[in-house]
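Asks: Here is what each chain is made of, one letter per residue.
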Amino acid sequence: MSTNTITTQKVNFKVFRFNADEDYLPYYEDYSMDVTSEEVVLDILNRIKWDHDGSFSYRRSCRHGICGACAIKVNGRSTLACKESMTTMVEYFGNDLTIEPLSTKRAVKDMIIDKGDFWEKHAAVTPYLVADIDESPSCENLVSPQDAEELDEADLCIQCGACHYACPVVEINSDFFGPAAFAAAYRFEADVRDNDGQRLIDVNEEKQGVWDCVKCFECTEVCPKDINPFEKITKLHQMAFKKGVAKNNVATRHAVGFLHSIKKHGVLDEGGLVLYSEGPSIVKHIPVALQMFRKGKIVMPWNIQKSDNLDEIQKLIKSSSTVKF
Amino acid sequence: MKKLKYALFTGCTAKQSTPEQMMSTMAVAKKLNIELIELTEASCCGASHLQDYDDFLSLVLNARNIAYAEKHALTMVTICNTCQLNTAMTKHRLDRNPELKARVNEKLAEVGLEYKGTSNVIHFLYAIIDDFGLDKIKEMVVKPLSEFNIAPFYGCHNIRPSELHDESHQQKENPYNPNSLDDLIIACGGMNVDYEEKNKCCGFHVELQAPHTAAVLTGTAIAGATDQNADMMVTPCPLCHLKLDTQTKGASEAIGREVSLPVLHMQQMVGLALGCSPAELGLKHHVTDVNFV
Chain A
1 MSTNTITTQK
11 VNFKVFRFNA
21 DEDYLPYYED
31 YSMDVTSEEV
41 VLDILNRIKW
51 DHDGSFSYRR
61 SCRHGICGAC
71 AIKVNGRSTL
81 ACKESMTTMV
91 EYFGNDLTIE
101 PLSTKRAVKD
111 MIIDKGDFWE
121 KHAAVTPYLV
131 ADIDESPSCE
141 NLVSPQDAEE
151 LDEADLCIQC
161 GACHYACPVV
171 EINSDFFGPA
181 AFAAAYRFEA
191 DVRDNDGQRL
201 IDVNEEKQGV
211 WDCVKCFECT
221 EVCPKDINPF
231 EKITKLHQMA
241 FKKGVAKNNV
251 ATRHAVGFLH
261 SIKKHGVLDE
271 GGLVLYSEGP
281 SIVKHIPVAL
291 QMFRKGKIVM
301 PWNIQKSDNL
311 DEIQKLIKSS
321 STVKF
Chain B
1 MKKLKYALFT
11 GCTAKQSTPE
21 QMMSTMAVAK
31 KLNIELIELT
41 EASCCGASHL
51 QDYDDFLSLV
61 LNARNIAYAE
71 KHALTMVTIC
81 NTCQLNTAMT
91 KHRLDRNPEL
101 KARVNEKLAE
111 VGLEYKGTSN
121 VIHFLYAIID
131 DFGLDKIKEM
141 VVKPLSEFNI
151 APFYGCHNIR
161 PSELHDESHQ
171 QKENPYNPNS
181 LDDLIIACGG
191 MNVDYEEKNK
201 CCGFHVELQA
211 PHTAAVLTGT
221 AIAGATDQNA
231 DMMVTPCPLC
241 HLKLDTQTKG
251 ASEAIGREVS
261 LPVLHMQQMV
271 GLALGCSPAE
281 LGLKHHVTDV
291 NFV
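Order-wise, the sequence lines are chains A and B.
Using our numbering, read the first sequence as starting at 1 and increasing by one per residue.
Using our numbering, read the second sequence as starting at 1 and increasing by one per residue.
It is possible that part of the hints are untrue.
[Stated by the list, open to error] Footprint (simulated), chain B over chain A, 3 or more residues, beta carbon under 8 Å:
#1 42–53
#2 158–172
#3 235–247
#4 306–314
[Stated by the list, open to error] Some chain B residues close to chain A (C-beta under 8 Å, calculated; not the full set):
#5 51
#6 160
#7 161
#8 224
Simulated from the structure, these hints should not be mistaken for lab results.
Note that beta-carbon positions come from the ideal geometry of N, C-alpha and C, so glycine has one too.
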């Protein structure tokens, strides 16, 4: 039994309200409550509904961090309401908290959003095992513990959408699959039983695919199951090269270009990298490049200060490379 | 106070597209009497792209860089958020996985090096704040930036993943409400500007493959700072700096609004407050003119 004493503090809530059937615009309602250190965010949602306004709407079900229904945003941070302690929220943001749905522009009623884009993208990555399975096997179809570890906990995803609606790219590029769909794609790509050939190709397509990830780690930071979607995206990049699916395009050349540069100089040749990645399309960078050149921001390849002991780096590249493109 | 001494991993941009960042780092270190031993043997960290191609090679190269800092028995200081991420992440993974560390060391042994895990990896921003101390900075300020509203732009890789940040640095940073750079602005006499995009992404890493996404992120960040009356922005990351300083035309087109603000490197801001000259800090190397000095 915990010996921690329960503390209470006053917290002011600004709560997003909207009913798509009745309201033209959303509004915020204020509530002040004494919040105890053992409450989670969902307790607050319940208290608003039970003690203040029965019409307040939100999704909830399991209350054990497994159904993924109750994800919302607190001060802009995606949060699984039934798992997130109020103490942590106050530590993060102080005593004035704004409660909003995962995506205000997708709001249907209060905390409830239309998660249609999330599910569409999830479905688009074939989020199930594609395998020729003997329906009357004579013995169990075993997966070794080592092979199971390859999933790297991607199978723990509860599709709550916290990462999807924390991802800045999802909001700019509506085709982008988003971190949850990529984690799902990885979960099945990493499964030794899976033999779907198309999934990895699809998640590598331009516009929708893994290469548009901005590497901001917002998804990793919010995931309530610690799945680290960013890492899964990285692994999908690596898989594309290993399985020979990576197309020869600006994104893949951008990754490979670093190797060429390091081999030659130890350090990066910035201009060389852009040239290698873009090919003839480099012309579109000329206006900015000229501005930079005038300000002394462009070093010519012959003036690049190479790393000392470059032979060491070259030797290591030779002996440690694990991929060919 | 004992003289602070670090192994400096400059990263590549400091030697190429952001020479002012190298100049201001050295100028500030001189003012603060911090000794920086440049790791001239270091290679590029891979900028979080090489790992997409070859993860193991990326680990080996980053471990080699850290091994050189260990040879000096010094903490490694980075001056780029992405260098910080890649180097600290390599350390994080090797220190937690003896099998992986052994595999990496097997390769390093071929060139007579070993990764031990004895050197910490920190960003220069936190060397200034944690090791040198904000109070001492405040005492040394001779030209306070008191006329200016300064918008901090933290850059993703210094604050996320927060687990990695907290492991590397003394000062914890709330990834949703970071305050180190705000504190530094205040110590330099400036007014820190609070705005929604201060802890958001600048889009740098997809500039080539997803230029529209990158430009919208850059534009939104500058617009956010502008709308809160910022006179300038300040960032500890040269990659963010490149986006915010050199890409304003594309960013303006992408968001349908003319945006442009002078952007200082964190080192330049400190340097100005400590009385360094604009020339020492390389202010002439900015594409968006620094028009207030």
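Asks: Which of the listed hints are broken here?
Replies: Failing hints, ascending: 1, 8.
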